[in-house]
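**Student:** Chains as they are written, first to last, in the numbering used here: chain A, 1 to 392; chain B, 1 to 392; chain C, 1 to 392; chain D, 1 to 392.
Take the hints with a grain of salt, since some may be wrong.
A pair counts as met if it fits within one copy or between any two copies, since identical chains are not told apart.
[Said to hold, decoys possible] With a straight-line cut-off of 27 Å between C-alpha atoms, the simulated DSSO-like cross-links for lysine-lysine are:
id, residue 1, residue 2
1, Lys385, Lys188
2, Lys133, Lys330
3, Lys375, Lys37
4, Lys37, Lys389
5, Lys31, Lys332
Derived from the structure by calculation, the hints contain no laboratory data. In this text the structure is predicted, and so the values were computed from the model without any measurement.
Number of protein chains: 4
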Amino acid sequence: MLGSGFIGRFYADSLQGYRSKDKIVSIYSRKQESAKKFADDYTVAFVTTDMEAAINRPEVEVVCISLPNNLHEEAVMLCCKHNKAVISTKPLGRNASEAKRMLEAVEKAGIFNGYLEDLVYTPKFIKAHESVKNGALGRILWAKSRETHPGPHSDWFWDIEQAGGGCILDLGCHCVEITRSYIGKDIKPIEVMCWADTQVKPIDAEDHAIGLIKYENGSIAQFEVSWTFRGGLDLRDEVMGTEGTIWVNSFLRTGFEMFTTGKSANYVAEKAESNTGWVFPVGDELNELGYNHMFMDMFNAMENGTQPKETFYDGYIVNAVLDAAYASAKSKQWEPVKLDVWRGKTGLSQDQHLTDYDADHYLVKEEMTHYGAKKLILKNKKTGKIFEKEIK
Amino acid sequence: MLGSGFIGRFYADSLQGYRSKDKIVSIYSRKQESAKKFADDYTVAFVTTDMEAAINRPEVEVVCISLPNNLHEEAVMLCCKHNKAVISTKPLGRNASEAKRMLEAVEKAGIFNGYLEDLVYTPKFIKAHESVKNGALGRILWAKSRETHPGPHSDWFWDIEQAGGGCILDLGCHCVEITRSYIGKDIKPIEVMCWADTQVKPIDAEDHAIGLIKYENGSIAQFEVSWTFRGGLDLRDEVMGTEGTIWVNSFLRTGFEMFTTGKSANYVAEKAESNTGWVFPVGDELNELGYNHMFMDMFNAMENGTQPKETFYDGYIVNAVLDAAYASAKSKQWEPVKLDVWRGKTGLSQDQHLTDYDADHYLVKEEMTHYGAKKLILKNKKTGKIFEKEIK
Amino acid sequence: MLGSGFIGRFYADSLQGYRSKDKIVSIYSRKQESAKKFADDYTVAFVTTDMEAAINRPEVEVVCISLPNNLHEEAVMLCCKHNKAVISTKPLGRNASEAKRMLEAVEKAGIFNGYLEDLVYTPKFIKAHESVKNGALGRILWAKSRETHPGPHSDWFWDIEQAGGGCILDLGCHCVEITRSYIGKDIKPIEVMCWADTQVKPIDAEDHAIGLIKYENGSIAQFEVSWTFRGGLDLRDEVMGTEGTIWVNSFLRTGFEMFTTGKSANYVAEKAESNTGWVFPVGDELNELGYNHMFMDMFNAMENGTQPKETFYDGYIVNAVLDAAYASAKSKQWEPVKLDVWRGKTGLSQDQHLTDYDADHYLVKEEMTHYGAKKLILKNKKTGKIFEKEIK
Amino acid sequence: MLGSGFIGRFYADSLQGYRSKDKIVSIYSRKQESAKKFADDYTVAFVTTDMEAAINRPEVEVVCISLPNNLHEEAVMLCCKHNKAVISTKPLGRNASEAKRMLEAVEKAGIFNGYLEDLVYTPKFIKAHESVKNGALGRILWAKSRETHPGPHSDWFWDIEQAGGGCILDLGCHCVEITRSYIGKDIKPIEVMCWADTQVKPIDAEDHAIGLIKYENGSIAQFEVSWTFRGGLDLRDEVMGTEGTIWVNSFLRTGFEMFTTGKSANYVAEKAESNTGWVFPVGDELNELGYNHMFMDMFNAMENGTQPKETFYDGYIVNAVLDAAYASAKSKQWEPVKLDVWRGKTGLSQDQHLTDYDADHYLVKEEMTHYGAKKLILKNKKTGKIFEKEIK
């Protein structure tokens, strides 16, 4: 385990949770004190502030990177050097160039690589995604993911040099991969339009952004990210298809509601903002946030010699999309997604899917009236005229 | 009453509902049959297919326009000619030019004019708006309004010539005025970015669109509109401020849930898509959709010689914003909102609002840790360095 | 209007709201100051502390009683004396004896009488009730109504002499009439089982109670009432039928959610307990709580010479059921509902409704398995043996 | 593993899920075919239709009973005979006599025993229970648990001889232990009042029941159970305390909502009733229903030589409470809970907790008025008089 901060501890709680056969055997942190505390809490045998020493140990089978963004590349290169399987927290790089170098390095070294995008491993996402794949929503038109909260816990996130960006990079990386998965990971993201601003915080990076991503088949993805939201951690996805809709609320409204006058002052949930009045805890954060299913997929894939659902390639695609978002926020126009590496479909055109009513007409809409009749709105194929027709 | 269609009937239900002193005395429709039926249902004395005849009657105190968009201007001009107070359904015009001509005409004629934007009169909006005005959310950063459903009921909506556009014009007009009201109606909308597409329907206009509107003070508005949504009428607003958040769901989740195996087949709600399984009716649609409070404001204003909350001026602003949205959807870049008439503030600059922690530091964030300590993230004003500090 | 307290003001807000033709012309209060303030706020011409004087005025067409429970009977008798239509707040009496005397008096005097049970006039109830009547839920098995909050606003409620009881009488009267309406107002309530206790408050009456009411057709009603609930006004109904379910949340979760850090301190909603953190206001309390539709029904009935939905007869039934509840709380067993006056059906027996599968078997259950087969659970009519059968 | 039916498969999915070190090594079923299929699906080495053979194998460390209720006692006795740790599904016995014999047997044999009451292991329950223990709700006044659905999957549940009862035994066992845990497992349940009926199904046992359980400290528990509910699996708990409220919805409303027109027909969730329209799947049923945390507690306790949270003793208490419920449903009065074995507190009296306002007055209620004043309702300690007082 590289990194003993907030996310490293979340990972460790998941990795050693339930009745797991997996163990953390080596911990690296930039600060000795923090590494030591982590080792005590999680019973880790080897403790070091030397990253290479943490990696290069015989008992280490896989290296888990939970470091600030600017240290990912260095860590990945060391894993390549020592031929260790590597899994990295999100985002993979601070930009697509870093991500591409990491991708090429692990593939050249031939080592197992996993991208720890936990939010495509949440139980709700997994089931929703299955439904989408099974066609329950028909053709996907739009997928939105929203992650907003009052700002990250550690100082380095707020420093644009270490983090590489603001909430677009920190939170948008989740949203991009979630929506891309709903639309289809083999569908090419073409261009991005993004608004970003620093509305509240005294920082150089953006603290609020909204973006649209256009895919080659005409589907549209949307992300809404912010470090200025008040009320907790807002984590919601929405998907619209020609035959259905999915709404997922992963955090603030999950069927657990508590009112308290506040004579107790205990920890409620990650990024909750108050512990009196109505609060909305999550039962099992590790599971709801996808950590358990993510590590299960990673380690099972390693053991089976297969690829996990998320690899460095996916991390690279995400970085490329986010680069286009940053470019668009500056240029104020749609910007192309630059993909030197692309392994999905190409040359798709936008679907049309006109619905015939009969030989001469398209069906525009069909509905039931108040009084029980069937009302059709039809379009004449030749004249283009649109008219109503009622069938009793 | 001009127009006897879906919206005209909704208006009539509201106007003559409760213990009202107001009455419909004259009905015009393009079709005699429809006018006759309306007159029977609502006990209206005078029935005609001649628009001018409907208006020019001594007992008519105010004319209510519920006609297709392309007939608004003609009707307004007739009201001016006969010096009748006029209230018009939304959108005011098919574009800002039409709207501006109507605005100028009613003001020149000196007649009372009201813009029937019902969704800023819903009980939830009214209460939410009060909270915003009272500062419960602090400075407003972002306001979103979403209206999507499976498409309008009448044929003319689907015809771009009569309607003037697709779902942007039909639904976006609501969203623009809702979000503008949250941000402040005296704050100038500056520019718009919009994506629009015809993803499903065999029509010339757009059936799905998403747009962003930037205001002079840096606030951002967002609209999401579609005629391709499956699941009913999705009518939700969200507002983010520096001190709070508002979420309003006006239709599909209002505290009324019903499961039925379907041995009954009755009307559930406007634009509901099914009447078996779990359905989500609204108790009192007229009230929840704002019709009652809207007409109350209109008629009280008329009687008191004051202005209603929404006038043709507001309708014109909305049309101007939507024109910019259409321009942006074509040009693929942010487009300016062209406002020949503007009666609000000008020259605002974006707020900064840095929060001092002490003489040397800005406060980036303050939070409680799991273990009950207070954790600060601070920024040195001189060096710009960001660091954590814990207070126990 | 008799009474100028909390409920009197709610009534007045409703009566004179929207574009109403109805006016309050005379106000009585026990305290001059309170009567005067009411008259000022609602522009009432005649102000008095003499109840009879308030009633016996030529311009008074109907008397609205919003007095403490112990004064209802006196007020009703004065209305009888002066031959004035009367509508009374809930509960009608402090017990069935009082209620019966009032019922007999108004019927003998031949005056219009209405029972102001607002919660069977809420828009949600009205629509839900229609669905039930239309058979959407099949045969009704169970109806529950819950009303709990942190306690009433005025001192007299807490005094068992004036109020006649505690939360059973104050809140249970609503629940009894709501559930009775779902089950059918012509179905006879037979017996009641009730638990009641004074768990928290320093009072003689109960502050928490739960009761079950058995109807002649085997349907069961349930009430849950308390003055010790924390978190606001919890107002929920649930109905189970053989073909469906209804869940109504009338107050705390109606599609309006607000988070605020609390720099504002304004009134949120009746019986809300906090104004910071997540709060859940109701858009239009008067409408959501049924006042508007209630007065509309009352006055329309008066004008049409018909009966309103709720009369003193209904108030009497409710009191009789509550009397049985108090008896059961003491005796710790089911107690019969004593109804000297009953105008509904009698002699019903409990429904059986066995579902035949074929000549030899009853259908116990039918379901779809994971793997798409249809699974039946059947009962042999002769042997009584229950077994599974799968159909692919 | 004894039993290869619905619940056995759920257990197996959980036991061998995630990255578990635990394995099923032996499977017994009454039917060879079913045992064989189970063994294939879960890679179980030893398959038998001889219960004793399944138990008496050296590699078996713990026996998991997932058999019909009437076979629990036999299975437990065999575990005692062969000195195997045993964990049993719920309810422990068909009645308290059976449960008591099992309890005494395992304790005499000195073997590890666990009671598989999964619903006190759900992540939501665990967190809610922590909050209650930490005092977030103050003194607990009432705890309700509701489990209703359209009926169980297997035939034996519907047969009163095998099952021992109807929905009270099947579902009430969950509700009793959930509510007992909120109130405090060391607080003695004293008496029970229960209504039960067979309203719909052609069976001898009850298909709908509601019960109240009084505890020695005056707290009240409530269960609502039914096999006639339409709409899916309704699994909700509510807790009221002097300082707060908890609402948990474990199944039908967990933040996952899907609308589909139904071109897909896949499995949605345990006991869902439809797969078109609006459906409400649960992300990870095994985790949400508590299986994972339950087995973790059981096996960790075994390895550590400690007791799990739920033992046969708890199963016995639950059976004793349910026996009283059945007795009450017959006698129509409150029935005492007969506990030959009780290891908690005794002799508690009901709490009073009067709140002093000052030397002469109790505080009845304190609230904020619309207009910002503080309103107190006080009771004179000597005279008992209750009055209002306003503080500005």
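**Student:** Taking the hints in turn, state whether each one holds.
**Tutor:** Going through the hints against the structure:
1. In this assembly of identical chains, the alpha carbons of Lys385 and Lys188 never lie at most 27 Å apart, being 36 Å within a copy and 39 Å across copies at closest.
2. Taking identical chains as interchangeable, the C-alpha atoms of Lys133 and Lys330 are never at most 27 Å apart, the minima being 36 Å within one chain and 32 Å between chains.
3. In this homomeric assembly, Lys375 and Lys37 come within 27 Å of each other (Cα to Cα) only across copies, at 18 Å, whereas the closest approach inside a single copy is 69 Å.
4. Proximity of Lys37 and Lys389 under a CA criterion of 27 Å is satisfied inter-copy only: 18 Å between copies versus 73 Å inside one chain copy.
5. Proximity of Lys31 to Lys332 under the C-alpha cut-off of 27 Å is found in neither arrangement, the shortest distances being 42 Å within a copy and 48 Å between copies.
In terms of the numbered hints stated before, the structure departs from hints 1, 2 and 5, listed from lowest to highest.
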